[in-house]
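Q: With chain A's structure known, arrange chains B and C with the ligands on it following the hints.
Chains as they are written, first to last, in this note's numbering: chain A, 1 to 346; chain B, 347 to 641; chain C, 642 to 902.
Hints listed in this document are in silico derivations from the structure and should not be mistaken for laboratory results. Certain hints may be false.
As the list claims (entries may be wrong) - The calculated lysine-lysine pairs, modelled on DSBU-like cross-linking and capped at a C-alpha distance of 30 Å, are:
1. A:328 / C:761
2. C:880 / A:331
3. B:428 / A:317
4. C:760 / A:22
5. C:733 / A:335
6. A:331 / C:669
7. C:669 / C:880
8. A:328 / C:733
9. A:331 / A:22
10. C:669 / A:22
11. A:321 / A:335
Keep in mind that this is a model prediction, so the values were computed, not measured.
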Amino acid sequence: MKKLFSKSIKRIIEKWAVNEWKVAFSCLIIALALPIVLNTRYLLSVMTICCVNSILAVSLNMLTGYLGITSLGHAAFYGLGAYTAAILGTRFELNIIVTLPAGMIIAGIAAFLLGLAAIRAPSRHLAIITLGFCEIVKIVELNWFSFTGGANGIHSVPRISLLGWDLSGKYAKYYLALFLLILTISTISLIMHSKIGRAIYSIRDNEIAAESMGVNVFSYKLFVFTFSAMFAGLAGAFYAHHFSYVSPLSFTFEQSIVLLSMVILGGIGSMPGTIIGAIILSLLPELLRDFTTWRQVIYGAIIVILMVARPSGMLGKYNFKHIRQQVKYSKLLTKNENKPLEKMTG
Amino acid sequence: MLFQQLINGLTIGTAYALVTIGFTMIYGVLELTNFAHSSYYMLGAYLCVSFMNLIGLDVLGFLLGTIGAILVCGTISALTDKLALGVIRKRGGAAISALLCTIGIQTVINNAIILGYGSETRQFINVFNLGRFKIGPATVSWMQVIIATVAILIMLLLTFIIRRTKFGAGMRAISQNQRAAQMMGVKVNKIIQWTFFISASVSALSGVLIGMYYRTLEVNMATVVGSKAFAAALLGGIGELPGAVIGGFVIGVLESFVAGYVSSGYRDAIAFAVLIVVLVVRPQGILGKKIHHKV
Amino acid sequence: MKILDISHLTIRFGGLTAVNDFDMSVSKGEIVGIIGPNGAGKTTVFNMLTGIYTPTSGTIHYRDILLNNRQPHEIAKMGICRTFQNIRLFDKMTVIENVMVASHTRTAERFINILTRSKKMRKTEAAVESNAMTLLELVGLADYRYEYAPSLPYGLQRKLEIARAMAAEPEIILLDEPAAGMNDRETSEMAKFILEIRDMGFTVVLIEHDMRLVMGICDRVYVLNFGSLIAEGCCEDVKTNPAVIEAYLGKEVQLNASTRS
Ligand SMILES: Nc1ncnc2c1ncn2[C@@H]1O[C@H](COP(=O)(O)OP(=O)(O)OP(=O)(O)O)[C@@H](O)[C@H]1O
Ligand SMILES: [Mg+2]
Chain A
1 MKKLFSKSIK RIIEKWAVNE WKVAFSCLII ALALPIVLNT RYLLSVMTIC CVNSILAVSL
61 NMLTGYLGIT SLGHAAFYGL GAYTAAILGT RFELNIIVTL PAGMIIAGIA AFLLGLAAIR
121 APSRHLAIIT LGFCEIVKIV ELNWFSFTGG ANGIHSVPRI SLLGWDLSGK YAKYYLALFL
181 LILTISTISL IMHSKIGRAI YSIRDNEIAA ESMGVNVFSY KLFVFTFSAM FAGLAGAFYA
241 HHFSYVSPLS FTFEQSIVLL SMVILGGIGS MPGTIIGAII LSLLPELLRD FTTWRQVIYG
301 AIIVILMVAR PSGMLGKYNF KHIRQQVKYS KLLTKNENKP LEKMTG
Chain B
347 MLFQQLINGL TIGTAYALVT IGFTMIYGVL ELTNFAHSSY YMLGAYLCVS FMNLIGLDVL
407 GFLLGTIGAI LVCGTISALT DKLALGVIRK RGGAAISALL CTIGIQTVIN NAIILGYGSE
467 TRQFINVFNL GRFKIGPATV SWMQVIIATV AILIMLLLTF IIRRTKFGAG MRAISQNQRA
527 AQMMGVKVNK IIQWTFFISA SVSALSGVLI GMYYRTLEVN MATVVGSKAF AAALLGGIGE
587 LPGAVIGGFV IGVLESFVAG YVSSGYRDAI AFAVLIVVLV VRPQGILGKK IHHKV
Chain C
642 MKILDISHLT IRFGGLTAVN DFDMSVSKGE IVGIIGPNGA GKTTVFNMLT GIYTPTSGTI
702 HYRDILLNNR QPHEIAKMGI CRTFQNIRLF DKMTVIENVM VASHTRTAER FINILTRSKK
762 MRKTEAAVES NAMTLLELVG LADYRYEYAP SLPYGLQRKL EIARAMAAEP EIILLDEPAA
822 GMNDRETSEM AKFILEIRDM GFTVVLIEHD MRLVMGICDR VYVLNFGSLI AEGCCEDVKT
882 NPAVIEAYLG KEVQLNASTR S
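Next up, chain A with everything else stripped away, as it sits in the complex:
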C-alpha cells in the first residue's frame, strides 16, 4: 500500500516535471480567473498577501535554496522596501512607478553593503549576522521617530495609481501583485537556467571546487544576496501601498522565520515547492482564524509534523529539470534499443 502510494506520487511528479510549462501556465490561468469566483474584498486581500509572500519566499529561496545561505533576516529587506515606499509616498507623494524601484534599490544597497562586509563569513555566522541586521533595522525603525514614526509606523501611504489610473481597487491590487510575482519568478528562473545559475548551484554543492573551476564565489554570493534582497524590497514597497500603513512589527525576526519556513516547507531549492509553501503558510493563519487561542500552537505543531514527515520539504527532493532529462533519455534509450551505442550518445 505504502509502496503503491509512493509509486503513484513518483508518477505524478514525473508527469508534472515533464509538463512543467503546461502546469505553470494552467496555474497562471487559474490565478487570473480566481477573482471571478472569489470576489469578496477579504478573499482578494488574502490572495494578494499570498502573492506578496510568494515574492518574498521565491527571493529567499534563491539565497537559501539555490545558493545555500540561510538568512534569518529577509524581513529586514522587506521592511526597508516598505519604509522606503512609505516615506517617499507620504513625504514626496511619489507614485509606485518611483516607489517600487526605489524600494528595490534601497533594499539592494543595504544588502550589498552588508554582504560586502559579511558574505565571506561561514554560513552559520551569516544566519546570526542577518538575524542581527534584522533586529538592528527593526530597532532603528522603532526609535528614529522623526523619520519612521517609531512604533506608530507610517499611516496613509498614498493609494496605488499609475499614469493617472486609480489601481487601488481590490481587483487591481491583486492583479498588480500577481504581475510582480510573475516578474520575480521569471527573472529568477531565467537567471537560474543560465550559466549564472549553474555557478550558483556549484557554490552550494562545493565551494572549493566551484572556486577552483573559475567561479568567483565571493561575487556570486554578493550578487545573489543583493538580488534576493531587491525582490524582498519590491514586495515591501508593494505592501506599503497595499495596506497604506507600515509598522516595525511587520518586519521582525519572527517574520523572517515565517518566510524561511515557507521555503523549507515547500521544498528547499524548488520553485514550485516554495510557492506552495508560501501559499500554505499564508492561508494557514486565515484558516485557523476561528481558533484564535489555539492558532499559534497548531501552527507550530503543523510545522513540526510536516518536517518529521517530509524532512526535505514537500518538493525538495525533486529537481524537475533533471527528471525531465532522465525521462527523455530513458525514452531515447528504449527507442534505440537495437541501435549501436554511439548513435544514442551522439
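A: Below, chains B and C with the ligands alone, put in the same frame as chain A:
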C-alpha cells in the same frame, strides 16, 4: 555608576551565559541551532511558579518547584529529540529542516504558555528575601551572588561532565563524527537525548533564577533571551563552554552600558552591531580556535 | 618553454612545515610527476598552485605572472585547473552539469542576454553543452550524463573530475592521484588517457602513488619527503637515487611494481 552598570550587566550576562551553555552544548554535538532552547528558560520559570503554588510559597516549595521544572523541561526536550528531531536525523533530513522543526517546537511551547497562563505579566515571589549589601558605590543583592554562584557551579559541573566522564567522551565523539562514533559502539541516540535533557534543564534553571531575580514572568522572556543566547554563543566561539559564558557576559555588560550611557532604545541594536563586527573580523569568536580547513 | 616556475616555496601550518623550500619548473607539453610518501606535501603544493593556500614564502610564477596572492578562480581563468584527491564533485548536479560548470570562465554573457534568453545566449549554452558531451565521451561517461555525480562508482567519479578540469580549458592540468583506487587494467587505461590529454595540448602535472603509472608516462619526476625536495629528474635517475630509495625505506623492490596507499 560605572561599577553599578558593570554589576547589573554581569547579572544579565549570567542569565545569557546560562542559557547559552545549553544552547552551545547542542550546537557542539549536532551543529543544530536549537530555537526551542530559550523556550525552556521561560517554561521552567512558569512551571516553578505553578509548583510553588501547589507546594507552598517558601524555600522548600521553591526548591521542589525548581527540581520539578527542571525535570519536566528536560523530559520534554529529550522527547522532542526522540519523537521529532531524531526522526529527521534518521531520515537524512537537511540541517535546515531540523532547524525549522525546532522553530516549530518553540512556537508550540511559547504559545502553549500563553494559552495556559495568559499573557499578563505574573509575579514570581522571591522566597529568600536576603536583601543586599554595598561594595563601594554599588549595591549588590544576595540574589545576584546566588545566581553567579550557581552559574559557576553549573559551568564547572558541565565542563567536568564533558571532559572527564564516559558520557562526555561520547558527546565529543559524536560531535566529531557521528557515524564513526556509532560504529565504535557509542549509543548515539541515547547520548543526544541526554544532551537535550541536560541543556533544557540548565535553561530551565536559569529561567527560575532570573525570574526570581526580576520577580516577574513575562510571555516574551523567551524571545528576549533567545537571540541574545544565540549571539553570545557565536561571540564566545560556538561549541565552547567557557566561550558561552564569556559571550554571555560580554553581551550583558555591553547592553547595560549602552542602556546606561547611550540610549536604552538602541540597546539591542548596538549589541548586535558589535556582534556583527566581531563575527566579520574574528569569525571563530573570542575563544574559538582558528581552523585551517584541509583541502 | 618554461611556463610554470616555482621557487623556494614554503608553507607552514602552525609548527608544521608542510612544504619546505620547494623548487619546480614545468615546460609546455610535459607530463611532470610529483611523488613521495603519504603526508609528504604533494597535495599542499597543488593547493598553493591553485590559490587555495597562500604560501608562507617563495614564489609561484605562471608565464611570468606571480600567483602567490591570486584567488583560485583567477588562477583557473589564467589556465591552471585541477582535480581533487578527495573527490569534490557537485553532488546535486548531474554529470553533464558538473562539466558545464567548468566552462564558466570561457564564456561571457551579458546580463541582458540572460534575462531575454537571447538567441546568442542559447547558442553559447548549446556550445557549452556539446563541448561537455564531447569531453564526457572522451572519458567514457556519456551514458551517465543525466545521473547524479555521487551515484557513479569511484573510478568514474575520478574520470568526471578530469573531464571537469578539462572543460575549464586550462593550459596546465593538475591531477591529484587520478588512479587511486583503480585496478591494474584501469590504471593502464588511465595512463593511456593521460598521454592522450597531453597530445591534445594540455601540460600535465601528476601526483600519483602508483609507480608504474608515474614511471611509464612522466617526462620528469619530483620527489618530496617531509615537505622537502629530495630528488628530481628523469624517471631512470630518480628510481636509482639512494635518497629516494631511503624515503620509501624498504620499498625499493616495489618501486618497480606498484605501491599504492
Ligand atoms: N590545512 C592544513 N592544516 C594543517 N596541516 C595541514 C593542512 N593541509 C595539509 N597539512 C599537513 O601537511 C602535510 C602534507 O599534507 P599533504 O596532503 O600535502 O600530503 P600528501 O603528500 O598529499 O599526502 P597523501 O599521499 O596522503 O595525499 C600533512 O602532514 C598534513 O597533515
Ligand atoms: Mg595528497
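Q: Give a verdict on every hint.
A: Comparing the hints with the structure gives:
1. A:328 / C:761: Measuring from Cα to Cα gives roughly 25 Å; hence the hint holds.
2. C:880 / A:331: violated, 54 Å
3. B:428 / A:317: It holds: about 24 Å lies between the C-alpha atoms, which stays within 30 Å.
4. C:760 / A:22: Holds, because 23 Å separates the two Cα atoms, which is no more than 30 Å.
5. C:733 / A:335: Holds, at about 28 Å.
6. A:331 / C:669: violated, 45 Å
7. C:669 / C:880: Distance ~24 Å between residue 669 (chain C) and residue 880 (chain C) Cα, so the pair holds.
8. A:328 / C:733: At roughly 19 Å apart (the allowed maximum being 30 Å), residue 733 (chain C) and residue 328 (chain A) satisfy the hint.
9. A:331 / A:22: The hint holds at about 20 Å.
10. C:669 / A:22: violated, 53 Å
11. A:321 / A:335: holds, 21 Å
Hints 2, 6, 10 from the earlier list are contradicted by this structure; the remaining hints agree with it.
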